Amino acid sequence: MKATLAIILSFAFVATCSAQESQLNLKDFAQQYFDKMTATQAPTASEKEIEAYLALLTDDVGHSHLPWVTDDSRQPNGKALKRKGMMFYLGAHTNYSAELLDVFVFNSSAIAIRYKNYAKGIHPETKRPIEYSQTMMEVLEIEDDKVAVIRKYHE
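Numbering (my numbering), first residue to last: 4 to 158.
Honestly, the hints are just simulated from the structure, not real lab data.
If you're wondering where the values come from, they're calculated on a predicted model, not measured in any experiment.
Please note that a few of the clues may not be correct.
[Unchecked claim] Capping the alpha-carbon separation at 27 Å, the derived lysine-lysine pairs in DSSO-like fashion look like this:
| hint | residue 1 | residue 2 |
| --- | --- | --- |
| 1 | LYS155 | LYS82 |
| 2 | LYS85 | LYS51 |
| 3 | LYS87 | LYS51 |
Produce the complete structure using the sequences and hints provided.
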């Protein structure tokens, strides 16, 4: 009986250790997310950069970008909608830079990144010049090692 209990406890310990080892390092993930997200904004960005960024998201990702997009509900085609929007703006920038300012980790379920960016280019719809610099905060809800909800805020 004691041997059986010891074996069961050993398996439980190994399973717990394995689960802890496979947990996503959210600080590293935040840096990876920032790098891939900002790569999509570069003047030389292509569909390849967009797909690398989208690989970090769940298929049903929810997204808000106040004040323009206020509904962050998760939709079955959330990633496809994000792809469509990103493809529309692809190549709009002639100049882009970003600096990661802060990373905040909230247990194993959320991270926030604060960054400053600068962009210059031509708006794809209006064909008018655009230029802006802003400080942003993105709060990212994590599920199964992927971003499930994105909430963007301007400072």
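Against the structure, the hints:
Proximity of LYS155 to LYS82 is assessed by CA-CA distance (about 16 Å); at most 27 Å being required, the pair is judged to hold. A C-alpha spacing of about 15 Å is found between LYS85 and LYS51, which places the hinted pair at or below 27 Å, so the restraint holds. Between the alpha carbons of LYS87 and LYS51 the distance comes to roughly 14 Å, so the proposed pair stays at or under 27 Å and holds.
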